[in-house]
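6 protein chains.
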Amino acid sequence: MRLLLINPNTSASMTEKAAIAARAVAASGTEIIAATSRMGPASIEGYYDGALAVPGLLSELRERRTTGYDGAIIACFDDTGLEAARALCDVPILGLCESAVATAGFLAQRFTVVTTLERSRVLIDNLIQRYGMGGRAKVRASDIAVLELEDAASGAIGKLRAEIERALEEDGAEAIVLGCAGMTDLARELQEIYGVPVIDGVAAAVKQAEALVSLGLSTSKRGSYASPLPKPFSGAMSNFAAKHVPTLT
Amino acid sequence: MRLLLINPNTSASMTEKAAIAARAVAASGTEIIAATSRMGPASIEGYYDGALAVPGLLSELRERRTTGYDGAIIACFDDTGLEAARALCDVPILGLCESAVATAGFLAQRFTVVTTLERSRVLIDNLIQRYGMGGRAKVRASDIAVLELEDAASGAIGKLRAEIERALEEDGAEAIVLGCAGMTDLARELQEIYGVPVIDGVAAAVKQAEALVSLGLSTSKRGSYASPLPKPFSGAMSNFAAKHVPTLT
Amino acid sequence: MRLLLINPNTSASMTEKAAIAARAVAASGTEIIAATSRMGPASIEGYYDGALAVPGLLSELRERRTTGYDGAIIACFDDTGLEAARALCDVPILGLCESAVATAGFLAQRFTVVTTLERSRVLIDNLIQRYGMGGRAKVRASDIAVLELEDAASGAIGKLRAEIERALEEDGAEAIVLGCAGMTDLARELQEIYGVPVIDGVAAAVKQAEALVSLGLSTSKRGSYASPLPKPFSGAMSNFAAKHVPTLT
Amino acid sequence: MRLLLINPNTSASMTEKAAIAARAVAASGTEIIAATSRMGPASIEGYYDGALAVPGLLSELRERRTTGYDGAIIACFDDTGLEAARALCDVPILGLCESAVATAGFLAQRFTVVTTLERSRVLIDNLIQRYGMGGRAKVRASDIAVLELEDAASGAIGKLRAEIERALEEDGAEAIVLGCAGMTDLARELQEIYGVPVIDGVAAAVKQAEALVSLGLSTSKRGSYASPLPKPFSGAMSNFAAKHVPTLT
Amino acid sequence: MRLLLINPNTSASMTEKAAIAARAVAASGTEIIAATSRMGPASIEGYYDGALAVPGLLSELRERRTTGYDGAIIACFDDTGLEAARALCDVPILGLCESAVATAGFLAQRFTVVTTLERSRVLIDNLIQRYGMGGRAKVRASDIAVLELEDAASGAIGKLRAEIERALEEDGAEAIVLGCAGMTDLARELQEIYGVPVIDGVAAAVKQAEALVSLGLSTSKRGSYASPLPKPFSGAMSNFAAKHVPTLT
Amino acid sequence: MRLLLINPNTSASMTEKAAIAARAVAASGTEIIAATSRMGPASIEGYYDGALAVPGLLSELRERRTTGYDGAIIACFDDTGLEAARALCDVPILGLCESAVATAGFLAQRFTVVTTLERSRVLIDNLIQRYGMGGRAKVRASDIAVLELEDAASGAIGKLRAEIERALEEDGAEAIVLGCAGMTDLARELQEIYGVPVIDGVAAAVKQAEALVSLGLSTSKRGSYASPLPKPFSGAMSNFAAKHVPTLT
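Residue numbers (the working numbering), protein chains in the order written: chain F, 1 to 249; chain R, 250 to 498; chain E, 499 to 747; chain X, 748 to 996; chain A, 997 to 1245; chain G, 1246 to 1494.
So that you can see chain F by itself, here it is in the shape it has in the complex (with noise of 0.2 angstroms):
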């Protein structure tokens, strides 16, 4: 099985981070494909951002195709171009917030979310409301920007640490959600200081992909998802006109 794992800002430090995690979690048959976006923002912090990043993604996801892949993983947090990349493709496609909060919701009946910048927590918030969970899930923001996630000088993680405990005084969480594909590689340590399920996005995606490819399931092209209908398109996206994309077969 081969995962696609496409970083939809273009920071080639996030998407190796991102692939030490998927790769450690990996099934021994699953092979991780880790891509960069070469069209958008360094980072994805707010609604402006994630707008922009989603060409690149499906542009990644289409020419990608080609060598093949069975399913595909966009490594941000806020779901960046979700619903278009299941559109354009007939394998299975994993958003990190809603595998990691579908996850969560096997372990704990109330959870929070902890992500970086203030910016991002309405955003988030509104995904998890769509996903069903705005009953179980809280939002918080740790006041971090992502690029700071890569600077261990920057007192990020005791500014998370923080807001962590918060949550689990004053929201009643039962499991934390790491809210950034940049705080992957802190999920394992901090489920130990805390004793509560920490649930990292990126290896939550992975296994999710790693189960629709292996249980032969794979987009609804009926409905919302349908493939794209041929039509033309103009200026520099003018090479996204082609159909969408198959499942290899």
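Hint data in this document are derived by calculation from the structure and do not stem from the laboratory. Quick caveat, the model's predicted, so the values are computed rather than measured. In this text, a Cβ means the ideal position worked out from N, Cα and C, and glycines have one as well. Please note: incorrect hints may appear among the correct ones.
[Stated by the list, open to error] Below, in silico cross-link-like pairs of lysine to aspartate or glutamate (EDC-like), each with a Cα-Cα straight-line distance of 16 angstroms or less:
(1) F/221 - R/367
(2) A/1134 - F/171
(3) R/387 - R/420
(4) A/1217 - G/1363
(5) F/221 - G/1437
(6) R/387 - G/1416
(7) E/636 - A/1166
(8) R/470 - F/171
(9) F/138 - E/668
(10) G/1383 - X/810
(11) X/968 - A/1188
(12) G/1466 - F/192
(13) G/1476 - A/1166
(14) X/968 - E/668
[Stated by the list, open to error] A few chain R residues facing chain X, derived, Cβ under 8 angstroms:
(15) 358
(16) 359
(17) 404
[Stated by the list, open to error] So these bits of chain X aren't anywhere near chain E, every CB distance computed over 12 angstroms:
(18) 787
(19) 830
(20) 865
(21) 932
(22) 933
Fit chains R, E, X, A and G to the supplied structure of chain F, relying on the hints for placement.
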């Protein structure tokens, strides 16, 4: 007051139709500046088209700031790129769906949105749930391709009318919202035929934009619509790195 | 365009304040006809006052139809008698709360309504849930009596500002809605102080009324706002039996 | 125990029918004091009628306190004036809709309310959403005018039965709630015919009132039902200014 | 009227306390038959205890049918086994939580349930969401073990009072629901201290059972509470195969 | 990895069918240990059967800990005893409904669960609301008794297919979830016939269990799934008093 009416698809004929509708309802002091995206799909039918329309939309918003506008309307019923545009700009940004359902809410307690293709139905239903109208509004698809609305011989209007009649009979609809920018020229006539309010998103959005501008209100820059943070962008998106579009003063 | 601005309480000083606010934002062709109810409580604080204000409100709507108006605004943030007025009249009827929260929804994803007394807090929270903003808006009471807002020496403004500050800090509010018609003169100044949109219901309702009238839209007469059926009325209500208020033509 | 059963419309025949239903289920120590409003519409069909019925209702509640009652029932399925009455009085106040759906909730997980006119359908559906039963209950209109229920030759019962049959078949209803005070005499017979619980609001409200009174529980005076504040009232409402109706001791 | 009050835990002292509370509020013609489960845990604290209490509860319901009862109350605030009991029996079955929150809903628009241990908090919150009170009620744990309530020296009452005070201050609670059958003797006193309605589930359930029985209403046997189908049972459950408990006639 | 697959009903033929389905999708290193409850009903149809199946289920979970398992699956679509099992055990516990609807949520925005009897429809609908999928999923009953699925001549498959066709046509379903463990052998074939994802709960739960175990995640022991407190148990339940089932190390 100058309002930018951006068609996020690249079909100039649809821009023209929307501009006519906008100018027909604009106040005497309002100038409608119609713009067609130069980058992206010829029509927006589903998530894939929508995602690829956003950079072209944001590009118009940025480039036209030098000539100035006081508010902008995204002329697609899917509210394509609405959050990203709000994060980018200080001036008010209106979407058709959000404007139309808020308007309908002042006139009726239960109403139905009639859109084009089945693939857009759930997308719009998700918007409506997010805008808080899930308990009051239903969405129906009438099996019309967006560009068929440009072709009088397509039978599109007959399909649309049949679906409106089902909404009145089966949903107990008290008003009808037309769920596609391409239907904007039909609202008046349908309202006369059926004797219930028929709301067109283009007209609704023009009035909401005028309202916000004249009240001196603008998009909040605190929280989820905070202005984009400066950061590097790569590839075809590299010219998007500049910061947000300030309010003209 | 003639808009009737009815204060459903009997305090002419509040009518005057609301009329000033309304005229300050009305379009050049809009005439604001201010009216004070002649029957009911001097201020509306809670359900009892609200219920007893409705006949006076409906009476004004009926009696003034001979001189004509194209739309009406009920100048109380509790949206007192809004549904009954919509059933009575063909012309658009706007409430302050409904108008203000719809307006806030175009500018911010999360916002807080700051009202006067604790007894009004749940009443407004119920309105907001019904208008579909329950997941996006909080309501706070600032422990001010409505008529204290008329008295500069009452300390009311200090209490209001303290509550706004708590909303920004504790709720993560991206915008503030002023939850009483008596606060209408404070919106501009508070917006400058806090740097977030501050929405006043009177101003919002004027623009919504102008929008609906200029779009040729009116209250649906199908379903829950159908015109009153002719029937006998007894006692002090016996002069209310006449049928609904038709749109002027 | 003395329970005041107030018919908020002015039709004495409906009061009589409701009183018979109330006395049929009242406990041996319960006295039902039937009262007909002397001010307002002859029947309540929609928001306009409802609003104009409230002062008459509140007037009865106030005037009859001298002779005393321990609880009161508002004998209209629209729960006309329920919050205002609760604010006015210390004693428990029950509405038919609230009582009936709470009762139905103990007997069935899904049920349908069958009411009279289409114009009341959404009004009742809004009540049900507010009472928290929106996910469990549907509302259907059977196209019967309220006063047709007083006329055996009107065909009203046939329409009502047809609608109940649709509720059982199409909604999977496990119980039926009769959505009009004028249907109170039909509950027993319909229950026998259809073999599912058929709940009448008058009977349900009597038992809820008895329950609250015998438990020594009364309306909370903290928060949204706090007693009216003393203030001037004008016009025909000027005699309403007095404070709330205290519990008899 | 004979009401079976079953304590689903095996602590006879708690049964006794609940029986005293039940008899204190029962109508003159109501006989309370108190029963203690003979199979299961000594107290119910969380899902595991609750699940293992159900067969003992169902067993009592079945065995006691020969001596007859007209309705039954499950004397645990977790509403342990409520749906299974309703499927088993024709007579009305009441739970404490469902009865108490329905009762509170007639008296207050916002209220707080104060329960014992943190492990029961989310369980009760889930019940409340399901009963439709999620938008109106909060749940708080006061860190009291159930059996501490039997021990005056445990400090349990002090903890309970502190939590009620937080509910009044921080939640804006208009009423308090006591969230454990073991608190039934405290309601009256706490109501006097705090001046808001304090609702005890045992008392509320007795009155609801009396109401349903006297109205001739019983659990719907159509749909989700249909009587058990005959089928083989194995092991210690083999004596449970008999069909449902019919209404006495 | 050793996964315990417990059939909570006592029909060994259904266990065998579920075990075949589980082994067909299990990863190469996963051992499926199939177990049939020895205590309770032969099939689970409604709340009564479900409640009486739980002690047998918990008994298996406890007794088999000596031979060890890393996770467990409760092989009934009603998620019978799921919370109690999670409180008992440290290892992950998966239910079929929760696993299947989470899986469907990755593939489709709207889907329909097709179950057996009408009496299970509302039960499953309640689960789905609680799992947050109420706005996305419908439930349909196909009027099949569970054990009919074991009998090729029963016509059960024809009924099931007819209901799936209604789901596609009337609900706009984008995917189908099979709502009974006894349908597990039909998923592949139905998926080929209808061209939409068809999700079987047994297969979905196996992959979710593998995912959680391989990620080192386990049920939270903080809050609502905290391990049972030590306490006396009486009667046939007296051997249940021991504490929770620890994770094997």
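Here is how each hint holds up against the structure:
no.	hint	result
1	F/221 - R/367	12 angstroms, holds
2	A/1134 - F/171	13 angstroms, holds
3	R/387 - R/420	8 angstroms, holds
4	A/1217 - G/1363	12 angstroms, holds
5	F/221 - G/1437	13 angstroms, holds
6	R/387 - G/1416	13 angstroms, holds
7	E/636 - A/1166	14 angstroms, holds
8	R/470 - F/171	27 angstroms, violated
9	F/138 - E/668	14 angstroms, holds
10	G/1383 - X/810	52 angstroms, violated
11	X/968 - A/1188	13 angstroms, holds
12	G/1466 - F/192	13 angstroms, holds
13	G/1476 - A/1166	35 angstroms, violated
14	X/968 - E/668	28 angstroms, violated
15	358	5 angstroms, holds
16	359	6 angstroms, holds
17	404	32 angstroms, violated
18	787	5 angstroms, violated
19	830	4 angstroms, violated
20	865	6 angstroms, violated
21	932	22 angstroms, holds
22	933	23 angstroms, holds
In terms of the numbered hints stated before, the structure departs from hints 8, 10, 13, 14, 17, 18, 19, 20, listed from lowest to highest.
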